[in-house]
Structures are given as structure tokens and as C-alpha cells.
Amino acid sequence: MHFDELIGHLGQHTVDGLSKGAIYALIALGYTLVYGVLRLINFAHSEVFMVGTFAVLILWNQLGVQNNPPIGQAILFLVLGLIVAAVASGGTALALERVAYRPLRRKNAPPLIFLITAIGLSLVFVELFGQVLPKLLGGALPDVFGRPRQIIGMPTIIQQETLFTIGNTAITNIQLIVFVAAVAMMALLDWFINRTRYGRGVRAVAQNPETAALMGVNQERVIMLIFVLGGIMAGAAALLWSMRFGFTQNSIGFVLGLKAFTAAVLGGIGNLRGALLGGLFLGIVEVYGATLFASNWEDVIAFVVLIVVLMFRPTGLLGESLGRARA
Amino acid sequence: MIDKIRSADRRRVGFLTSIGDRWGALPKWQKAIGVAALLVFVYTLPYLGKLPGGLMIPGLNNLRTDSIAGGNNWAGVLFVCAIYVLVAIGLNVVVGLAGLLDLGYIGFFAIGAYSVALFGSVNSPVVKWIQQEFDLPPTWAVTWGICLLLAIVLTMISGVLLGWPTLRLRGDYLAIVTLGFGEIIRIVARNATGVTNGPVGISAIPGPEGPPSADNKVFGLIDAKPWYWLAITFVLLMVILVRRLEHSRVGRAWLAVREDEDAAAVMGVYPFKFKLWAFAMGAALGGLSGFLFGSRNAFIDPTQFNANLSILFVAMVVVGGSGNMLGVSLGAVLLAYLPERFRDFADYRWLVFGLAMVLVMILRPQGLIPSRRRARELKDRAAEAEEAPAHV
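Those sequence lines, one after another, are chains V and S. In terms of the working numbering, the first sequence is residues 9 to 335. In terms of the working numbering, the second sequence is residues 22 to 413.
Hints listed in this document are in silico derivations from the structure and should not be mistaken for laboratory results.
Derived SDA-like pairs: lysine to any residue, alpha-carbon spacing no greater than 20 Å straight-line: (1) S:49 / S:265; (2) V:115 / S:380; (3) V:115 / S:406.
Beta-carbon label-pair distances, calculated as ranges: (4) V:72 / S:92: 44 to 54 Å; (5) S:79 / V:146: 34 to 44 Å; (6) V:300 / S:151: 27 to 37 Å.
Bear in mind that the values here come from a model prediction, so they are computed numbers and not experimental data. Using N, Cα and C, we set each Cβ at its ideal position, and we do this for glycine too.
With the sequences and hints as input, model every part of the structure.
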């Protein structure tokens with residue numbers, strides 16, 4: 009136990025946790041949106057994120073991005089990366105819905121069947137990117153798909169620098185960008201769900217599907233919309249991840265997805281603001297825990313948090329509701 | 022195209038059910054002959070197509086995994102099939118009978134394997150500690166038979182410990198929590214170096230004749246046949262046990278809880294108690310399987326208990342036909358045997374398993390050899406969906 013280390017650098021660990029949690033929160037939104045409307049855990053959402061990181065990787069590879077480009081170019085690469093990742097992730101999420109979930113919904117399959125299908129899909133995606141694409145495209149894109157299942161590095165777009173220090177807490181430019189960008193994306197989504205016509209449709213279906221259908225809400229379109237929105241958020245998370253950590257792998261989604269799901273449950277699954285809160289909270293708890301024990305226990309901490317939350321407060325910190333619709 | 026497949030499938034199922042009915046109508050002595058023939062077949066499988074005298078039977082010989090270049094030892098593959106069948110039977114109690122999706126089954130498998138390693142091997146830190154505390158000779162370790170009991174008891178306890186707080190959760194939450202449990206067990210095995218030797222692993226895990234050595238007459242390291250016979254004996258015993266349980270009061274309670282928890286509770290079946298019982302039972306079978314795995318391998322380390330295996334186990338059950346013991350056994354054998362026999366496809370096996378899971382769930386959620394009851398249940402739900410199309 010390293011209490012001194014934790015207390016001595018509490019501010020630093022909090023900042024590290026927040027910037028880590030912001031990425032969890034963005035992925036958690038995908039779980040929360042789908043759960044809020046369909047009462048279904050989209051287990052394959054972690055792979056939606058993984059596809060996003062590969063989209064960024066391929067884009068940067070094709071553009072011939074080098075380490076530390078000039079600032080103008082860096083911004084261009086990031087914006088292009090955001091667009092490509094959002095399209096790739098959103099498209100993947102939509103494809104999952106159309107190919108797998110829709111036929112099951114027609115049959116009114118029990119929730120466990122959805123979950124098993126999602127696990128199968130997740131496995132299919134992991135293997136596609138780990139085993140099949142390296143063999144198919146290994147020659148065409150050797151820097152992207154060299155050997156199966158390897159960790160693939162990405163160019164550094166922004167050099168990590170300390171922007172300013174408060175006390176003994178150093179805040180780097182990357183941490184700031186990740187945090188601000190993630191919160192901005194979430195604010196945008198929150199506005200979309202709570203203030204626009206489409207968002208009203210989503211809330212209506214979440215509240216009561218039958219009544220919403222009677223009121224003229226196209227349910228299938230709402231369902232497609234939430235999958236796409238969740239995918240876009242995962243795409244944004246993928247870009248931030250690529251910028252901050254600079255690597256990806258076919259199996260990257262598994263643990264990250266579990267943590268994002270934990271974040272969603274922690275904040276109250278189905279609740280957008282809860283996902284933000286849960287993500288940030290989990291990020292901080294994880295960094296604190298890793299400091300207290302040792303960093304190789306980090307993954308255990310998230311699972312223990314999940315079990316404890318589900319035992320004592322299964323509705324999460326803020327309660328389960330999409331857009332404050334359900335009491 | 023899909024309609025054609027469906028109608029062919031319906032004919033196949035009709036054929037299977039008619040076999041089932043005919044079997045049920047046979048006189049007792051004919052059934053006994055059938056069972057005896059099956060037993061002989063199962064126990065002589067290691068000689069499939071290759072008789073002891075070196076005589077080859079060309080057609081059957083091609084089924085063996087050692088008939089292809091670089092193929093694995095046939096009896097060794099059969100042993101793996103047998104322990105996977107054991108896993109499938111155990112997981113079937115949890116998933117198929119009680120309707121609880123357990124994605125952390127590898128955790129119980131690992132606990133079973135680690136029980137024999139930690140208590141039975143002279144290289145394990147636990148045994149070393151006991152030797153020091155009680156002034157025992159350095160060759161002392163817990164014997165295999167007691168390790169077997171320990172494995173079963175420890176996995177049952179861990180099943181209850183995991184189930185106690187989590188079985189009150191909704192089904193889909195339970196699945197994710199168990200997934201986390203499987204990962205926790207692996208990470209603990211990797212990080213708790215003082216107890217488990219961490220990533221180094223534990224060697225010299227004993228078999229029925231004691232620690233692995235060249236002097237062992239029956240359960241050696243090279244010839245896997247005795248190990249297969251041992252495993253298949255356990256499988257048969259467990260099949261009988263689970264079959265008896267399934268048709269007892271407990272088994273009926275499991276089905277009732279699976280189909281409608283509230284209705285079961287109203288009828289005086291306390292769901293939590295029976296779910297916990299199913300969890301403990303399933304855990305014990307997983308532990309037994311892990312125990313056999315550890316003792317045959319003689320060496321284990323945390324990388325052998327990857328989360329992917331949990332998903333493989335679930336795939337065996339759902340592809341085979343959850344709720345039907347014959348179905349899940351078939352699923353286990355297929356998923357263990359096919360990648361070994363068709364090595365070209367071994368690289369893609371996880372892809373194929375994933376696709377198989379998705380396709381089975383969408384086209385045939387009751388599995389290859391369905392449990393009749395479960396198939397009816399799913400059909401009911403589909404009919405309800407047609408009556409009320411607006412309902413999600």
C-alpha cells in the first residue's frame with residue numbers, strides 16, 4: 009500500500025484519472041444509449057471502438073503521417089481522423105444492428121440470446137482484424153497489417169508537453185485536449201437528445217415504445233439512430249485513444265469495453281450524464297487503486313467496482329433513465 | 022435459399038425426434054444392448070481405424086487427427102474432447118437448465134486446475150509452506166485423490182461465493198459480472214506470485230500415480246490413452262449424476278425458474294436457492310474438468326486460462342443445443358475436434374466459432390440438437406411477437 013504516494017500526488021493522479029475516464033465515458037455512451045432504448049447490452053460495442061482505432065490507423069498510414077507534424081497539419085489529421093473514425097464506427101454499429109439484432113428483435117428473442125449473439129459478433133470482429141485482414145491486406149498495407157494479432161504503433165501527432173502546473177500537478181496538452189474534446193462531444197450529444205426533434209423521438213421510444221409508435225415515431229429509425237450515435241461517440245473515443253496512447257490491437261476492445269460498461273452501470277445505465285460521471289469516476293478510482301496497490305492490479309479494480317455497484321446500487325449513481333424521461 | 026435450408030433442417034429435426042421416440046419405445050434389453058454398444062465404442066475410440074496390432078482401416082483412419090501431417094496425438098485430442106464434454110455438461114446445468122448465462126466459466130476451470138497444482142505439486146509455494154510449517158520431508162505433497170476432493174470442494178465454494186452476491190442480479194448483468202470474475206481469477210493467478218508462482222507457472226503436477234515421471238506405468242506423459250479412459254469415466258459418471266438431478270425435484274425447479282422466475286416463486290420454488298445450487302453444481306463440474314486438465318498437463322500457468330475459453334465454452338453449449346445433454350456434448354466434441362483435424366482452418370477457428378454462435382442464435386436459437394422444451398419456449402415467444410408487432 010502506497011498511501012504516501014497517493015496523498016502526496018493526489019492532484020496529479022486525479023488529473024490522470026480524469027483524462028483516462030473521459031475516454032471510458034465516451035465509449036460508455038454507446039452502451040447507455042442502446043440500453044436506454046432497447047434494454048439490451050450491446051456487448052459488441054467494444055469492437056465498434058476497435059474498428060474506429062483501425063480506421064484512424066489506416067487513414068494516418070495512407071496519408072503518410074510522420075511523427076510530430078507542424079501544428080496546422082496536426083489539426084487537419086485530427087479532424088480527418090475524427091470524421092473517418094466516426095464514419096467507420098458508426099457504420100459498424102449500424103451494420104451490427106441491421107445484420108444481427110433486427111432479426112432477433114423480430115422474433116422477440118430472450119435477452120440472453122441477444123447477449124450471446126453480441127459475444128459471437130465481438131469474436132468475429134476481433135478475428136477479422138487480428139487474423140483475416142492481416143492475411144488479406146498484409147501485402148497492401150504492411151505497416152498496418154503486418155503479422156496477425158500484433159500491437160501496431162501509430163505516429164505521434166501531438167508531442168506531449170506540460171502546459172501548466174498547479175502546485176505539484178502537471179497538466180499536459182494531451183490530457184487537456186482529451187478531456188475537453190470528450191466533454192464537448194458529450195455536451196453535443198446531450199443537447200441532441202434533449203433539445204432536438206430526433207432526440208425527442210429517442211426519448212419517446214425509450215419511455216414507451218408502443219405509445220411512441222402511436223404518436224408517429226418511426227421506431228426502427230430511432231433504433232438505427234441510437235446505434236449510429238453510439239458508434240460516433242466510440243469513433244471519437246478511438247481518435248482520442250490513438251492520439252493519446254498511439255497504438256492499437258485487434259483485442260484492444262475487450263478490457264476497454266468491460267470498463268466502459270462498468271462506467272455506464274456506475275453512472276446509471278441508460279442515463280447520458282451518468283455515463284460521463286461514471287466514466288470519470290471509474291478513471292479516478294482506477295488510477296488511485298493502481299497507485300495504492302500496483303499497476304498490474306488495475307484491471308481487477310474496475311471489475312471489483314462493477315460488482316460492488318451492482319450489489320449495493322444496481323441503478324447506478326444517477327439512476328437509470330434516458331433524458332430524465334423515466335422516474 | 023434460406024427457406025430451403027430451413028425446410029431441410031425441419032426434416033432433420035423430425036428425424037432426430039423420431040429416433041428419440043423410437044428409442045424410448047424399445048424394450049429394456051434392447052436398450053441395454055444399445056448402451057453397451059455405445060460404451061464399447063466410446064472406450065475403443067483411441068483405436069479408431071488403427072488397431073493395436075498395427076492394422077489400419079483406411080476410411081476410419083482418416084478421421085484420426087494424427088492421420089494428417091503435424092496432427093496431434095489422437096488419444097490426446099480425445100482427452101481434450103472428453104474434458105470439454107465435462108465442461109459442457111457442467112455449463113449446461115447453469116446455462117441450459119437454470120438459464121443463467123455464465124461467461125466466467127474458465128474461472129472455475131482454472132480453480133480446479135490450480136487446486137491440484139497448488140496442493141499436489143512439490144514445486145508449489147503452498148506445499149513448500151506447509152512442508153516448512155509442519156517439518157515434512159521435501160517430497161511431501163497432498164495425494165491426487167485428496168486433491169480431487171479439494172478441487173471439487175473449492176470450486177463449489179467459489180461458485181457459491183460468486184453466486185451469493187450476484188445471482189440476485191438481472192440475467193444480463195450476471196453475464197458481465199461472471200465475465201469479470203473469470204478475468205479476476207486469471208489476473209490473481211498471474212499477480213499473486215507468492216501463492217501461484219505467477220507467470221512462471223507450476224510444474225510437476227501429480228497424476229493418479231503420483232508426480233509425473235518416466236517410471237509411471239499407466240498415467241505417463243507420453244501415452245494419453247489411460248488419461249482419456251479416466252476422463253471418459255468421469256464424464257459417464259457425471260452424465261448419470263446430472264441426468265438424475267435433471268429429472269429430480271431440483272431439475273424441475275431449475276426449468277421452472279428458467280422459464281418464469283416469478284411464476285416459480287409463486288408456486289413455492291425459491292429461485293435464489295435453486296440458482297445458487299445450479300451455480301455450485303456447474304462450478305464443481307468445471308473444477309473437475311480443470312483438475313483433469315491440470316493433472317494431465319503436469320504444468321499450468323495463467324495464460325492457459327484466457328477469457329476466450331469462457332466464450333468457447335458458451336459456444337459449445339449454445340451451438341450444441343442448450344438444455345440437451347447430448348446436444349452440448351456434441352457441441353463440445355465438434356468445437357474441440359474440428360480445429361485439430363482440419364489444421365488449415367485452425368488459425369480461423371475463433372472466427373468460425375464466433376460466426377457459428379451468431380448464425381445459430383439468429384437462425385436456430387435452440388441449437389443443433391435442441392431440448393424439446395426449450396424449442397417450444399422459443400417458438401412461443403416468436404408467436405407472441407407476431408401477435409403484437411409493436412412490442413420491442
